[in-house]
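Chain order of the listed sequences is A and B. Take the first sequence: its position 58, counted from the start at 1, is 160 in our numbering, and no numbers get skipped. Take the second sequence: its position 81, counted from the start at 1, is 183 in our numbering, and no numbers get skipped.
No lab work stands behind these hints: they were computed from the structure. Check before you lean on any hint, since a few could be wrong.
Unchecked claim - In silico DSS-like cross-links for lysine-lysine, where the CA-CA straight-line distance does not exceed 30 Å:
id : chain 1 : residue 1 : chain 2 : residue 2
1  : B       : Lys244    : A       : Lys259
2  : B       : Lys218    : A       : Lys151
3  : B       : Lys176    : A       : Lys151
4  : A       : Lys145    : A       : Lys176
5  : A       : Lys151    : B       : Lys145
6  : B       : Lys151    : A       : Lys259
To be verified - Footprint (simulated), chain A over chain B, 3 or more residues, beta carbon under 8 Å:
id : segment
7  : 161 to 167
8  : 171 to 177
Just so you know, even glycine gets a beta-carbon here, dropped at the ideal spot from N, CA and C.
There are 2 protein chains.
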Amino acid sequence: MEIERKFLIAQMPDRLEEYEHADIVQAYLCIDPVMRIRKHGEKYVFTYKGSGMMMREEYNLPLTGEAFEHLLPKADGSRIEKTRYLIPLDSAGNPLPPGVPTEGLTAELDVFTEPKSLVMAEVEFPDQVSAQSFEMPAWFAKEVTNDPAYHNSNMSKNE
Amino acid sequence: MEIERKFLIAQMPDRLEEYEHADIVQAYLCIDPVMRIRKHGEKYVFTYKGSGMMMREEYNLPLTGEAFEHLLPKADGSRIEKTRYLIPLDSAGNPLPPGVPTEGLTAELDVFTEPKSLVMAEVEFPDQVSAQSFEMPAWFAKEVTNDPAYHNSNMSKNE
Chain A
103 MEIERKFLIA
113 QMPDRLEEYE
123 HADIVQAYLC
133 IDPVMRIRKH
143 GEKYVFTYKG
153 SGMMMREEYN
163 LPLTGEAFEH
173 LLPKADGSRI
183 EKTRYLIPLD
193 SAGNPLPPGV
203 PTEGLTAELD
213 VFTEPKSLVM
223 AEVEFPDQVS
233 AQSFEMPAWF
243 AKEVTNDPAY
253 HNSNMSKNE
Chain B
103 MEIERKFLIA
113 QMPDRLEEYE
123 HADIVQAYLC
133 IDPVMRIRKH
143 GEKYVFTYKG
153 SGMMMREEYN
163 LPLTGEAFEH
173 LLPKADGSRI
183 EKTRYLIPLD
193 SAGNPLPPGV
203 PTEGLTAELD
213 VFTEPKSLVM
223 AEVEFPDQVS
233 AQSFEMPAWF
243 AKEVTNDPAY
253 HNSNMSKNE
């Protein structure tokens with residue numbers, strides 16, 4: 103079970119390229135349930151997610167590169183391409199400098215190049231209480247957790 | 103983890119239609135790993151199976167009817183259609199009469215109509231020891247556990 107909140111970004115962290123990051127290509131075979139194929143760096147994974155917004159049953163299962171290439175033409179709509187940066191946060195939710203480990207939360211900062219330019223951050227929480235008590239730091243612009251337009255699966259739909 | 107052995111059939115059980123049975127339609131999005139969609143009676147399920155012959159990591163995850171219909175045109179090759187009969191076995195591996203519960207094993211007897219006519223039985227075992235000690239009863243003709251030609255995923259391939 104994952105508990106996460108999503109935010110648009112007001113200000114990018116300094117020294118962004120020094121944070122741990124990886125290129126991601128993903129596409130969707132189905133939206134409900136979500137059936138996603140993803141290349142994450144040199145790893146390939148198939149993900150199934152059940153229904154629901156903030157809490158969703160999720161399975162991540164291994165794929166080969168051959169299976170990924172076989173499944174990619176079967177996907178609906180557009181593929182998504184983005185670079186994911188892992189940004190460790192201090193207790194106020196602000197970015198720690200690159201290389202400083204966090205004792206708390208990490209933001210996944212996604213810089214999309216396909217199907218359009220967009221920057222979005224996801225924060226995963228260990229439980230409901232910490233998710234609900236998290237206050238939006240100033241470098242986040244707006245919460246979009248409950249806006250379906252910012253589900254990656256909907257972003258992949260052709261207009 | 104499932105441990106199963108597969109057999110061709112020498113003699114069909116008497117009173118076959120009185121055993122519990124259901125119509126199955128299934129097709130494959132991918133063969134390695136196996137990614138299968140199935141309609142089983144009125145239920146829809148997506149199955150992922152890792153590599154290996156007799157023991158394979160398997161996940162069965164729910165689909166909606168809409169998701170099944172959405173995914174079916176994405177499948178490779180031919181769809182498989184079969185009726186599955188559940189045949190309770192006595193301690194010698196012979197069919198118990200319809201309606202008699204088994205304290206032991208059950209054979210899944212698959213009568214295929216698509217892509218071709220074929221009858222095959224699978225027996226699932228609780229552990230390796232019982233799988234290895236099972237002796238083939240006379241109503242089974244031949245073991246095909248390790249013959250890839252009798253994997254449903256290979257049967258779906260277009261010749």
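Hint by hint, here is what the structure shows:
{"no.": "1", "hint": "Lys244/B x Lys259/A", "verdict": "violated (49 Å)"}
{"no.": "2", "hint": "Lys218/B x Lys151/A", "verdict": "violated (34 Å)"}
{"no.": "3", "hint": "Lys176/B x Lys151/A", "verdict": "holds (19 Å)"}
{"no.": "4", "hint": "Lys145/A x Lys176/A", "verdict": "holds (20 Å)"}
{"no.": "5", "hint": "Lys151/A x Lys145/B", "verdict": "holds (18 Å)"}
{"no.": "6", "hint": "Lys151/B x Lys259/A", "verdict": "holds (28 Å)"}
{"no.": "7", "hint": "161 to 167", "verdict": "holds (count 5)"}
{"no.": "8", "hint": "171 to 177", "verdict": "holds (count 3)"}
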